[in-house]
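There are 4 protein chains.
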Amino acid sequence: MFLADLLTTVFERRYLSKGADKADDRPLEALVADLIGATGEVSGQNLARQILSRYGALNDEEKRAFFRHLAEGLAVSAPAVRSALEHYEKGQSKASYREFMEAVEPPRQELIRRLNQVPDATRLLVGMREDLLRLSKGDDVLQALDLDFRHLFASWFNRGFLVLRPINWESPAQLLEKIIAYEAVHAIDSWSDLRRRLEPVDRRCFAFLHPAMPDEPLIFVEVALTKGIPGSIQGLLAENRTQIEADTADTAVFYSISNCQAGLAGISFGNSLIKQVAADLSLELPKLKTFVTLSPIPGLVRWLDGEGIDHGSADEDTLRKLAARYLMTAKRKDGLPLDPVARFHLGNGALVHQVHAGADLSDKGMKQSAGVMVNYLYDLEKVTQNHERFASIRTIAASSEIKSLSTAGENAFTLELSALN
Amino acid sequence: MFLADLLTTVFERRYLSKGADKADDRPLEALVADLIGATGEVSGQNLARQILSRYGALNDEEKRAFFRHLAEGLAVSAPAVRSALEHYEKGQSKASYREFMEAVEPPRQELIRRLNQVPDATRLLVGMREDLLRLSKGDDVLQALDLDFRHLFASWFNRGFLVLRPINWESPAQLLEKIIAYEAVHAIDSWSDLRRRLEPVDRRCFAFLHPAMPDEPLIFVEVALTKGIPGSIQGLLAENRTQIEADTADTAVFYSISNCQAGLAGISFGNSLIKQVAADLSLELPKLKTFVTLSPIPGLVRWLDGEGIDHGSADEDTLRKLAARYLMTAKRKDGLPLDPVARFHLGNGALVHQVHAGADLSDKGMKQSAGVMVNYLYDLEKVTQNHERFASIRTIAASSEIKSLSTAGENAFTLELSALN
Amino acid sequence: MFLADLLTTVFERRYLSKGADKADDRPLEALVADLIGATGEVSGQNLARQILSRYGALNDEEKRAFFRHLAEGLAVSAPAVRSALEHYEKGQSKASYREFMEAVEPPRQELIRRLNQVPDATRLLVGMREDLLRLSKGDDVLQALDLDFRHLFASWFNRGFLVLRPINWESPAQLLEKIIAYEAVHAIDSWSDLRRRLEPVDRRCFAFLHPAMPDEPLIFVEVALTKGIPGSIQGLLAENRTQIEADTADTAVFYSISNCQAGLAGISFGNSLIKQVAADLSLELPKLKTFVTLSPIPGLVRWLDGEGIDHGSADEDTLRKLAARYLMTAKRKDGLPLDPVARFHLGNGALVHQVHAGADLSDKGMKQSAGVMVNYLYDLEKVTQNHERFASIRTIAASSEIKSLSTAGENAFTLELSALN
Amino acid sequence: MFLADLLTTVFERRYLSKGADKADDRPLEALVADLIGATGEVSGQNLARQILSRYGALNDEEKRAFFRHLAEGLAVSAPAVRSALEHYEKGQSKASYREFMEAVEPPRQELIRRLNQVPDATRLLVGMREDLLRLSKGDDVLQALDLDFRHLFASWFNRGFLVLRPINWESPAQLLEKIIAYEAVHAIDSWSDLRRRLEPVDRRCFAFLHPAMPDEPLIFVEVALTKGIPGSIQGLLAENRTQIEADTADTAVFYSISNCQAGLAGISFGNSLIKQVAADLSLELPKLKTFVTLSPIPGLVRWLDGEGIDHGSADEDTLRKLAARYLMTAKRKDGLPLDPVARFHLGNGALVHQVHAGADLSDKGMKQSAGVMVNYLYDLEKVTQNHERFASIRTIAASSEIKSLSTAGENAFTLELSALN
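In order, the protein sequences belong to chains S, W, H and E. Numbering-wise, the first sequence is residues 376 to 796 according to this note's numbering. Numbering-wise, the second sequence is residues 376 to 796 according to this note's numbering. Numbering-wise, the third sequence is residues 376 to 796 according to this note's numbering. Numbering-wise, the fourth sequence is residues 376 to 796 according to this note's numbering.
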């Protein structure tokens, strides 16, 4: 890696800078126009490099103007589409379809593809979209532009191009510092903390990477190997906990899943992560029989509050019932669960397995979910069936215990409400 | 690699086959419909695997039917496009643009992306397009379908995703046998022959690879390090030639460039190959000053014949003049050179440097070009300028020697013609 | 690898050649004396490089003289040893032991260690010993010198420094051509033949490598995955055989084990190879239950002839009995089995499991063992116990079938002998 | 790496533990005797594993007893040596030399080699010697035992087996934490501090590694790329310093060299490190012309104090003169420089180039050398010659400036002394 990079770098300095690569001080829009019109890779790469470099130096206002230029100046031409559509309707030939395809794709999509010709461009373009998402709030025109980025990224970050890699204490520091930065569920506060999550024989971590940006994890999951299903995140992560031999574990607990790239929002690739990790672990550790999460319930308190339920003094038993009720019955308008984490795991084919009170005593955990956490269970032989029922008829798969708790929760619920009256 | 593959394989056998992955004997069209309609990756991967597997077992007639189904059954809906276009024209909002984007993309594009979710799918889809190109001859409907493959592949095989790798005697046998199979210019007839092109210290080979099909070269170039510019391919490849120390060479000769994937026809990625290889070699061997090809002139004889010139008895001097004249003046209707190899190198920014008679005495060489070969010169500091002039105003860059020869060739030409009369 | 090599090479050319590294035309003995006396690595590396280079250009007569110089000129000094021994006996201090150690080690050992300071030296020194073994036949003085090489190599090629690697169709061509060259049991006659042994899913190959000579296998084993124990090598290797899925195999057959380095003769590292390969395969393919060899019996015919048994017309049943008898009872003076292959596998803890007549119909197979082959069985839970009994009290572990055959063989034997009388 | 380790681990658990590998509760001495007497690798590996594991659990008293057993119970037998020597003197045959070699090598050397058969043994044996060096202080018998370890390690860690690797922010965290721990010259106090030394484009680090303990650096050097020769370590390492582009640097400064393995004390492999790093950097950065250290002068103050020179109030100019004088003239009894760092660099062929006052204002720097530091210059074309003169006739190579300063220092010295009288 080191030497390959070196060669590339040295070359670029030595040759590219000599000739056409010298800074072009025309307006960025002119460079963009040139790149779209460029007839070959030779000049295209120089232009792409310059545009990306110039973009990197823009302030937010200038970025907004740049995006607006793409959105308005490089949009599809409705008359051209109309004309192409008419030709296509008259006769569906290769020629008419080609005209149609060319008309319906806005030039900015070709621009983004051409920008991607140079080293490191993919990472920079993901960063560009991160800017766009931030700057397009409330701006319908820029939000439309984002659809083009999203369309291309869905193609580029297609599941077939992603690579699953174990992340451990042997991984490059460069990658590990990203894990520290991106952990979104239970913050990692130092390299020592990171080490406690990666190095012990009963801990694992896996990430999806894309070959064009190999130092940037896209999504990662942290796993604890345990005997039995744990009911407390603080217990699971305690510094003084007792380690076990990995091959004596019967359970793999997915206790944290973090998306890393704001610029890839809406591009789905996490769905198969847990399933694939579970598979790899099964092979390595044949005694593993249970694959569960230990997940937050981020919407619980808000929902309880919205329902007018005073949970502040609820005992643990009541909290579990209320949580089960929430997970099983609280829905959005489209019929999907209200809780975003539940939507993710149920959508993957997991089932709601257990709920634990007093499971997350952190400030965030108490505030969001009154300390309650949930295990979603991945039964590898049932995930497809669960997924399909969930996707088609919104059935929430759950253990019989959760179902009982939820029913009991209805009573607790009624009780609470009646107590209020 | 070996173990990673193993893990994946074992898992798929162990888990996936248990449940939903069992063979689905519904018609292929039904599986395709399901995959397009699938709501998540979980069932999507199973379907993709089955469709690719089923496709692999089809005969040509069945493949043609499969393609026809994609072409006709999964095309864009003109009324939907028209309706979306009208909404978009009324107000260019995110919502109207999303409707437009969804309407103008035929479902078969999403199908191809979803097929690409499983391991090895990229290679299989490139193979599928190879079938399509073969089976669509004279079939305008299938040729239109090819535009969708081409559109997606242009995105997937974007230059930014390709990796340049040296190919040498330390490379995997699996990759090397592909080099033997794909060499298109000067055939490699055995492993010993291959070894003579890869192992000597004055020989090099480089290929572009794509991370999703790492065992399949996309394009490769073979290089000889020499003192001075060679004028004979048989001399360059002679078994008993004298090797030189690489660091005493002043010239790198690109004597063979081969595209490998018929299924990637029309997807451009070769243009930057020579330039990048020249750069890497420059760094390694600072004494290298000259980067040239030793190229066939495949259209020479046909053109001479077409012009009614009897070259059978021409002496070497005359042949060189005629070749220079051909390269400098023979054009297609669009003003580009008639010779395809000339188009490629001039389009990359090279210039016509020298021509050699008696340079390729093979049957093919004698038949195509009366034994004449040409050196195109890559001057790294001028490729951009050459390229741009060629692309914009069709200027063919050439050495003064070639220009003189070409002018002299005009006389030779006139002479020949007058001799005929 | 490629770039690292490049860096080293370029550096050596650029710097080392400038100064002290220029060819030193003093006698080789003078360079040797200098290297032994050199006070540091700086000049030592230059000397080492020159000596190795000069050695490489010697003819056999000169090599013999070089070895004789090492043997006689750089031997231990008996008076110095005697003096050191006396000091040591008087008082076993650090100082006296240091004097003793210095006295008893001949300077040529330090010479060999110092030669090993430069890149690729290990491989060259192994080659040097190969020369020595060849040239020392019948020369007791040179054979004594070999003990020093052997002593150092036993340290350098200590089992703890070796690396087990799978060899497959993805391995470097450079390594694969060595496999072709070194196969000693059943010759590989082309790259296609090699491919048939490496690429099918039911074939494997593993080698021990040393990090200092990574392109040179030290020993390798070829494995066939089968259902049931095969009884014919030609059947096992037949071009038109039916492949099976690896995960349906119940048996791994070690059908060829080849030592690669003549210069490492007598350095043991093969003993753990089969055991370790069996372990790796077990993990990958849990259905594998049986680990056997399909081995030649190279001494059978010679023994039968020696015993005066006319086996030419023996039927298959009789041949099996005679083979079993040979393997179970034919011994050397030291009580170990007469058959070298039997000694190797029994020494590793295997047991004699089955014998097959008509199992190797090649010329070599018919000539050496009348076509009979044997399976040695590696029962991973019993190898230690088998090994220890064999090593301590010469017990040959065998299946009950073999024991019966051997007893029957005694009769056959008597019968044959009586038939002769 | 990860999967390979996994395979090994799983295997060892699965198979080795079943049979002979169960804990053997006989005295450690009995296991040692068994291992020396073991007839093959099969049982030897089990014994080696157990001995190393048992050793790891010993306390210091028990370790001392274990070492005493090796030192006294597994020593050479003087009578056997005497007898072998007599045979050898009578006739220098292979047989008599073999007897001699066997007699003069104590069984504990074979023991150490056999312990090295199992994974990770090399690292454990290096740790064992670290214990031995610590526990053998003042114990002549144990110190003699150390000679055996040292003898074997000199063979195992022969320069030809070491690998030079760049250490950077892409290196495994596991390796980087060792760099933090082992930095012996200018302490690294956090991961952020480490990052400042590795990640900037004008900083480099290189280490020698051994393939059998790939996570353990043996020695490493930290390098700063600068314009001109720096005269202050605090300036060089300042957080707010200005970075430069690597390819604009003309000087590489080796500002810290740390040995990492106490258990490899006395095994030389650092001598070629700087020379080789200088070579690699030269290739990468052709503008680099000067290779210097920025080194402490650890013995300066002690020497000044010993000489009775009151340096407390000396001005910077005087300090430089005194330092030059110290480096050029202060010698040990054997004629080598008194200063250990000077011995190292001069022994490598460097010359004393410049001295700087106020160059190390840390507590340690002020206390050891009154803040003075020195640049040793590596002139790649002169290192061999410098080295040889230094090694043979103790000539200290120095710049003319240093020579002048040293002469002036003599006066300063006399002055100081006269001032005292």
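Any given hint might turn out to be false.
Copies of the same chain look alike in the list, so a pair counts if it fits in one copy or across any two.
The calculated lysine-lysine pairs, modelled on BS3-like cross-linking and capped at a C-alpha distance of 30 Å, are [as the list claims (entries may be wrong)]:
| no. | residue 1 | residue 2 |
| --- | --- | --- |
| 1 | Lys662 | Lys602 |
| 2 | Lys465 | Lys708 |
| 3 | Lys706 | Lys469 |
| 4 | Lys778 | Lys664 |
| 5 | Lys465 | Lys438 |
| 6 | Lys465 | Lys512 |
| 7 | Lys742 | Lys706 |
| 8 | Lys469 | Lys512 |
| 9 | Lys512 | Lys602 |
| 10 | Lys438 | Lys664 |
| 11 | Lys553 | Lys706 |
| 12 | Lys757 | Lys662 |
| 13 | Lys512 | Lys664 |
| 14 | Lys465 | Lys662 |
| 15 | Lys778 | Lys465 |
| 16 | Lys708 | Lys438 |
| 17 | Lys664 | Lys742 |
| 18 | Lys438 | Lys469 |
| 19 | Lys469 | Lys708 |
| 20 | Lys742 | Lys708 |
| 21 | Lys706 | Lys512 |
| 22 | Lys708 | Lys778 |
Note that these hints are calculated values from the structure, not bench results.
30 Å Cα threshold - placement of Lys664 relative to Lys512:
Classified as neither; 46 Å inside a copy, 54 Å across copies.
Within, between, both or neither: Lys469, Lys708 at alpha-carbon 30 Å:
Answer is between: at 22 Å across copies they meet the 30 Å cutoff, but 44 Å inside does not.
Given a CA cutoff of 30 Å, do Lys553 and Lys706 count as a within-copy pair, a between-copy pair, both, or neither?
neither (35 Å within a copy, 52 Å between copies)
Using 30 Å as the alpha-carbon threshold, which applies to Lys706 and Lys512: within, between, both, or neither?
Result: close within a single copy only, 26 Å intra versus 53 Å inter.
As a check of your reading, is Lys708 near Lys778 (CA-CA no more than 30 Å) within one copy, between copies, both or neither?
Intra 22 Å, inter 76 Å, cutoff 30 Å: intra-copy only.
How would you label the pair Lys778, Lys664 (within, between, both, or neither) given a Cα cut-off of 30 Å?
For Lys778 and Lys664, the Cα distance is within 30 Å only inside one copy (23 Å; across copies 45 Å).
My question is about Lys465 and Lys512: at a cut-off of 30 Å on alpha-carbon distance, are they close within one copy, between copies, both, or neither?
Intra 41 Å, inter 22 Å, cutoff 30 Å: inter-copy only.
Using 30 Å as the alpha-carbon threshold, which applies to Lys465 and Lys708: within, between, both, or neither?
between (42 Å within a copy, 29 Å between copies)
Give the relationship of Lys662 and Lys602 under a CA distance limit of 30 Å: within one copy only, between copies only, both, or neither.
both (10 Å within a copy, 27 Å between copies)
Intra- versus inter-copy proximity for Lys742 and Lys664 (alpha-carbon distance at most 30 Å):
neither (33 Å within a copy, 56 Å between copies)
Under a CA distance limit of 30 Å, which applies to Lys757 and Lys662: within one copy, between copies, both, or neither?
both (19 Å within a copy, 25 Å between copies)
When Cα atoms must be at most 30 Å apart, do Lys469 and Lys512 count as within-copy, between-copy, both, or neither?
between (40 Å within a copy, 12 Å between copies)
When the structure is compared with the earlier hints, violations turn up for hints 9, 10, 11, 13, 14, 15, 16 and 17 and for no others.
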